[in-house]
Amino acid sequence: MDTNYILSKKTKQVFLSISVIGILLIALSFLFENPESKQVWMNVLLNNLYFLFLSLFGVLFIALHKIAHSGWHVSLKRIPEALSTFLPYSAALMFLLIFGMHDLYHWSHHDLHDPIIEGKSAYLNLPFFFIRMAVYFTGWIGLSYLLRKNSASQDLSNDYKFHKQGRILAALFMAFFAVTSSTMSWDWIMSVDPHWFSTLFGWFVFIGLFVSGVAAFILIIALLKAQGYLNFVNKEHLHDLGKYLFGFSIFWMYLWFFQYMLIWYSHIPEETIYFAQRLHGFPILFFTILILNFLFPFLALMTRNSKRNIKWLAMVAAVVLIGQWLNIYLMLSPGIMGETAKIGLIEIGSACLYLGGFLFVVLNALSKKPLLCKNDPFLEESFHYET
Amino acid sequence: MRSYISAYFTDEEDLLRAIKILMEKKILILDVLTPFPVHGIDKVLGLKESKLPTVGFIAGAIGTLFAFGFQTWAFVVDYPLFIGGKPHFSIPAFIPITFEVTVLFAAFAMVFAFLFRSKLGLGAKNKIHDERITDDRFVIIIEANENDEYFNNVKAILEQEEAHEIQLKEHK
Amino acid sequence: MKKYWKSQHEKNESSEAKITKHTPKGNLEQVLDIFEDGTAEAKSNRRDFLKLCGYSLAITTVLSSCENTVQKAIPYLNKPEEITPGIANYYASTYMNASDYASILIKTREGRPIKIEGNNLSPISNGACSARVQASVLSLYDNSRYQSPQIEKEKVSWDKFDDSILKALDSQKENKIALLTPTIFSPSTRKAIKYFTDAYPNIKWIQYDTQSASAILQAQKLCFGKDGLPDYRFNKANLIVSFDADFLGTWLNPSEYIKTYTDTRKLSGSLNKMSRHIQFESRMSLTGSNADERHAIKPSELNLLIAQLYNEIVILKGQQKHDVPEATKIIKELAKDLLEQKSHSVVVSGSQELNAQILINAINYELENFNSSINLENPLLNHQAIDEDMDQLIDNLASGQVKGLICYHTNPVYSHPKGEKIKKAIESLSFSLSIHETPNETSSLMKYIAPDNHYLESWNDAEIKKDSYSLMQPAIHPLFDTRQFQASLLKWSGQDVDYHKFIMKHWEETLFPSQTLYTNFKSYWEHTLQEGIFQTKTVSGNKLKFAELDIIKILEAITQKKKTNRIELQIYEKVTIGDGSMANNPWLQEMPDPISKICWDNYLNISPKQAKELGLETGNMIKLNGDLELPVYILPGQAYNTVSIAMGYGRTICGKVGKDVGFKASHLNTNQHSSVTLEKIEGHFDFAMTQTHHSMEGRAIVREANLDEYQKNPKAGNDHKHEYKNAGIYKEPEFPNHHWGLAIDLNACVGCGACTIACQAENNVPIVGKKEVIRAHEMSWIRIDRYFSGDENEPGVVFQPVMCQHCDNAPCENVCPVAATNHSSEGLNQMIYNRCIGTRYCGNNCPYKVRRFNWFDYTQADSIPNNLHDPTGMTLDLSRMVLNPDVTIRAKGVIEKCSMCVQRIQEGKLNAKLEGRKVKDGDIKTACQQTCPSGAILFGDLNDKGSDLFKLASSDRNYHLLEEIHTLPSVSYLTKIRNKKS
Amino acid sequence: MYVSPIREPLIKGNKTYSQITQDIAAPIEGKPGKAWYMGLTISLSAMFFGLAMMGYTVWEGIGSWGLNRTIGWGWGITNFVWWVGIGHAGTFISAILLLFRQKWRTSINRSAEAMTIFAILCAGLFPLIHMGRPLLAFFVFPYPNTRGLWVNFNSPLLWDVFAISTYLLVSLLFWYMGLIPDIGTMRDRVSSKIKKYVYGLLSFGWTGSVKHWQRHEKLSLILAGIAAPLVLSVHSIVSADFATSIIPGWHTTIFPPYFVAGAIFSGFAMVLTLLVVTRKVLNLENYITLAHIESMNKIIIATGSIVGIAYMTELFISWYSGVEYEQYAFLNRATGPYWWAYAIMMTCNVISPQLLWFRKLRRNLVFTFILSIFINIGMWFERFVIIVTSLHRDYLPSSWSMYSPTIVEVGIFIGTLGLFFSCFLLFIRVFPVIAIAEIKTVVKSSGEKETKNETL
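For the record, the sequence lines run as chains A, B, C and D.
Position 63 of the first sequence, counting from 1, maps to 63 under UniProt numbering, and the rest follow consecutively.
Position 138 of the second sequence, counting from 1, maps to 138 under UniProt numbering, and the rest follow consecutively.
Position 608 of the third sequence, counting from 1, maps to 608 under UniProt numbering, and the rest follow consecutively.
Position 76 of the fourth sequence, counting from 1, maps to 76 under UniProt numbering, and the rest follow consecutively.
Where hints are given, some of them may not hold.
Here are the computed lysine to aspartate or glutamate pairs in the EDC-like style, where the Cα-Cα straight-line distance is at most 16 Å [stated by the list, open to error]: (1) D/103 to A/155; (2) B/43 to A/386; (3) B/43 to D/29; (4) D/218 to B/49.
It should be emphasised that the hints constitute simulated quantities derived from the structure, not laboratory data.
If we strip away everything but chain A, and leave its shape as in the complex, we get (with noise of 0.2 Å):
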């Protein structure tokens, strides 16, 4: 039963021309759109957080659920721990921000301080703001690696010892994250607008993350089945991740209608530019993120078989990974780029990009350890489980 996953060159192909097609994108459009550097820099921060928020949901997904003491989830732990190991790559990335900060934050040139940044820059400055990303990188690959030693340890031996440890990790991983998912989000994406603030961004871009990590597991599932692995994954666990992918979208709606609505409903000027920059500024793509992350996961979702069957399924999850990516594009954009920005060729390419090396890691982390783990006390409850 321990049958490894192995990377076909097949594969390992497809993944390398989706990179190559996304460099020939990027060409073209310095050809054509010659993009400032603000628009390079853009989608460099853009999709290093959106692969970094697939990694971080991987190590999220193995100990929200240790926690919880479920045991559905045993029997696809391989895929999470796999995502997981793209982070010290995506931190890697993070750092090369450093020479693209004043192309992104306004508040690290020191000129353009007005009283209000002034107020805040010994939070917003830069040595502390990298301080901050060493802690989080060092904290949550040191604990995802832990994570996964011992689950690979728990394969040899079936000392319960090992149980009890990984619960342990579990539950200072999610203290870690809780707090340092708000503060991430406050560095990296909110303070693109120095003067704009929301006490609900920190759990918004949460869930966001835990969204399109949902669909990116959908994704991967599927493709490991359409390869003919994971036969002892049945339309049980499709249902539940279904579930999962339907009631935190609408999670998801709930928190960014409340943002939207609260700040829509006092209309206080420094709070409201934000959405009035938005929906002003880009009123399709305003409510394409509404639609692709709400109104379809929500009707395509909402009957009972329709959760179970892996194509309709892997159809849904892509719609919404789209859509996840156009939200934080949102989120970025109109601060660096203000009016000017739209999705050129350079986006595009630079996700084509991102996706293939971030395939290519996971499905090659994936590879290296059996498919199926073995003396998890849960693991046979994961087998014979019905909604």
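Got chain A sorted already, so can you dock chains B, C and D onto it with the hints?
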């Protein structure tokens, strides 16, 4: 006077096995009474999926349209008021009530549909088959028509499945 | 608003005038005529107010004139001429209460006066009046007034009363009687008194003012040989120096001085110069709070400073120096500045010392201020009492030389420092007669009580300044069986002419000849009555000459007074209660003191430094001189080693409302700055404070700048907020027709609080009583926020009237569940009282906290029986007659707020429509704007680009309160500019 | 349905089906103990005291409360939000935990749902009684009237009306549908004729037919499906009462999820307070085991930490925002005149639940009981801090003032406590405290005899 065979069981596994056998023998089971919802019994009995979710969805949709429509009508058409400098047709302010009314309609529609379809309700005169059904007994009710041979055949099967007790009952 | 004045006299002219009246005069009269033919049942829009007019009391709604027969209040079967239900009539009249004077218009509805407004034809009132004048309309309907003449507390009819008085006067023929009155500056009344004193030579007439100006009067007499007080014209002065003279609050004629003082301070595009005002005083007075420079001094140092200033001026002018202690740097600099502003400065002092006033005259003379900023041609006549006369009278009464006392409109037992001595004397008098409207400490001791009319029920005339006269006419028939003082005098002195005729005869003899406009006296008299005021030309006297006085002796008298470092007490008058004569007026008692924001009480003011030393906090109780126990209020700005207490409180006999409110302090009002001992005692006193926090916490609520910064950049102090361009998600509302708004010039607002009482009278705002104000349940629709800034002992003070800002993005409208508050298409935030269910979320969500809630049933408008909370008897049927029928009474549990006098806006629009024209700028005035002495509040239409309001709204000094939270208020403020010497 | 051996058994003492029915029906059939009567008299007298205070308020006016022109809401609305918060645990347990298929919910969902309904009854009283003119409260409903007036659909208070009434009705339906089979069980067990007739009537003629069960199962699942977002929406709308204002300290976008987490946090605390006592008194220790208590404590630690993080977020963003009013509002909370309320809130809500990280404490009944009371005190003070300290010092310093409740307000709160506990005490005597049918479905898989009890 119609007479029924009611076979009593004390455990749901025996009940499921008995039903499976009876179904294979094409014996018409009138009803099965259990103290709690037995998992997987409706698959064995081949019962159709209940259409309550669709009732809920339709009622919910009606609720959404009704609530949103009424608020828009009241605030834009019938008596538009200048309130807080906000436009008359302010969608974000209509959504909370729309959601609440949707949930209300869906819940009430499903409950009434359930009670109506199951003929349950205040003052429903359903015949209580046995006091212990709601305690710990599982009962299969099979129609016992006249010819004994069919009757004995059924009795044999039930005994073979160690039915706890078999009774012959008459109901008006 | 077109003043629709009617003289009450039109009713008794000949019949032919009557016919002319009926011919339709423009569409207003046509519309109104439908009422006049008496057929249509009167359709006043307030059903229950007609019920009030038909009230069983024998009140005639026919205007009083002696010839008119008394008519029962009958429900308009045959309606009197002037009264058209629903339409207000205005009668020009005069307000006189002891030395307070204002030329006013009485607004009457259905025959009852309900509001007092200033008469804008009078150069003294200029259309404005003070808080006390606004509140005086309520004391007409005071339930505790005398209702009929009394002899030894037993009611009698007037005839019996007159007989016994005449008999008593005959019997007292040989022993001396004193007639004690406040200053009488009404020519006809003086003539009546002369008749009376001629008829009874043994009666000697003495005048007594509670706040006496005898020092100034005697100084005038000595220096220039003129009598009356100098007429100060502050608008002519670039530099104003005041030595403890609260001329904006209570000194001499404040409402006129507020107007002239603020004229020079309202900066606009054209005027960017401003007068500079320096104040030397011990307690923080209303004038002190508006001064550009304020120096806290001890009362005893006052005269020395004046002497030093005089000495410095004399030195600078090259005359020989006097041996006066070396002046401080401030005085030296002041002298230099005064000489720079020669003949454009004014130096005033409230000192009661004759020598000090002489020096003040000398200083003004040296600075050639006379007949430029100080005019002696028409002196002010409202203070003529000399202290020595009163002291002499008290000694004579005590020694028994004077056997009888007639008291008119004064309360010496309460208000005079030697009150106890007078009380003992009166008890042993053989003849004592009091002529006063309401019972007070003095009248309750008197044998005979002849109740006087309220000024709204009396005929009179006044000469406030030489050659400027004004008439007083009644707006209602006397409510009770009372008779005017002058009518009584004429009756007792055998002149059986009626006082109204007496005035007409006097005017015919003296004033009618001095004018040439009118040929026959009748039309002259009617015209003057309609306008209310009459001005004769003043013949300019000879050049002024300063009498030779022994200046050196005067300077010595001042300098050899040795300084003490003991705590000195000063007794002062409050802007609200004054000398206590109106203590029974609930509006005044509940009006927060402009400086301390405390109502319903007086207290001992102490400086923060001293309080720390004595370990005192606001609300602690102290014992003064071992006997008087009263609470302490820490008053930033109070001079160190000085304390001050307000007089006018602690009255024992004055009716239900004012009884035992506060602590009696007039017995300490000896002028030699008595030093006192303070000693902290147990106990805490809860003050009824409407504002408990006094600093702006660094927020840009009131924006200030100095004059030189303003001259360099008009947007000084008003340009530091981060601006978010087009940040709105939905577009801002625009108003097609009108967009009503207010602009308040913080440089003109002196914080006198007249607007709060005018608003209370206009909009029937209920009175809640002291206990409720302590629980912050007060109901005033407009409050004046007073903020202290800078060092605690030398604070900068700033006033800001805050009413509903009528925001176009109103946070209150969003959150009301039943849409009880919404926005009109003309930019007003409307509050629908009968729709409100009282969740109070609008009150919580208003950033300006201007929404008031009816916590209890204050107005008896609630359907639940006997849960009335009315400590001041405002819901008695008599007091309810002051209610304005155009404004609904709010029930318990309902939110209410400033409606920007929507009833006046509608009336203005109706009048414009009837005259077939659009509403002009200035047609409509809100009640607060109308009464503001300094014209700080301006109402107008923000859509009308030509209006004054638009000019102010687009001026550089303009800003909105809390504009950063985008409520888009329609009320805007103009920055306060101080003129500190840099 | 396979259950891994290391999972702790949820029903102890390997019960047969009839033993289950017997154990759970025992409190209804037997004579109520002296403690029950004593409890009922105390809570009923508290209720009548509260009713008297309400009558006094309607008669005299809101002035008899301690409110004033600056602080328009005080104890009244604090209690309203507190009770609505407590009401959310019941539906959270029966709806959201059903969707997440946490089996341990079966033995506590019935009493939790009952608690929800009683809490919502208490909560619903306050919007009525705090109004200036409660007799005109019907203005809040959009009924057609001669003046052609509708209500203000923008107002969060109006959303509250719809939200609370919907929530009460849906919880009532959800609770009663689950109760029908158990009433059927009571109908068949009880002896006296009247009781049998009444239970018969109330059981809607339940026969236990498999078709009915199938529909009942599907109905419960879908009702749970829509009740879950309802919980979220109701308390978000209650939080919108404050978040839609512009008062610094009220207007923050984190309020909706933060209030929901706070509601579940205080709701579970109340469930623990009640169940730790009822399981002892009605000796249902076998059904509400230490595993249940520990699971609930885990939920408390989770939601407590969310609430704690929300406090830190609010504090940080108020500093980060640079808005002087927000900064002062939060500085004033911690150091202003109401610092003590803030201190109680912080200790009870954030610090004390962190003690639950220790497994020994999670399973200690006395500690749990005391902690649950502390949490509810902490949550009450959280609402008090939010409402009163933000109102008493906001934009213009001239309108700053203080607030302290009067006996009338305190009396009304005690009255609602009385109403809540008397309803709960009556509920114990009339309906089975635990869902008999649902326990029977679960006893086979997570009952004791099946699983070996490994060392944990």
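Results of checking the hints against the structure:
Distance hint between residue 103 of chain D and residue 155 of chain A is unfulfilled; the C-alpha atoms sit about 28 Å from each other, more than 16 Å. A C-alpha spacing of about 14 Å is found between residue 43 of chain B and residue 386 of chain A, which places the hinted pair at or below 16 Å, so the restraint holds. A hinted pair counts as satisfied when its Cα atoms are at most 16 Å apart, and residue 43 of chain B with residue 29 of chain D does not qualify at roughly 37 Å. Taking the CA atoms of residue 218 of chain D and residue 49 of chain B, the gap is near 9 Å; set against the 16 Å cutoff, the hint holds.
In summary, the numbered hints that this structure violates are 1 and 3.
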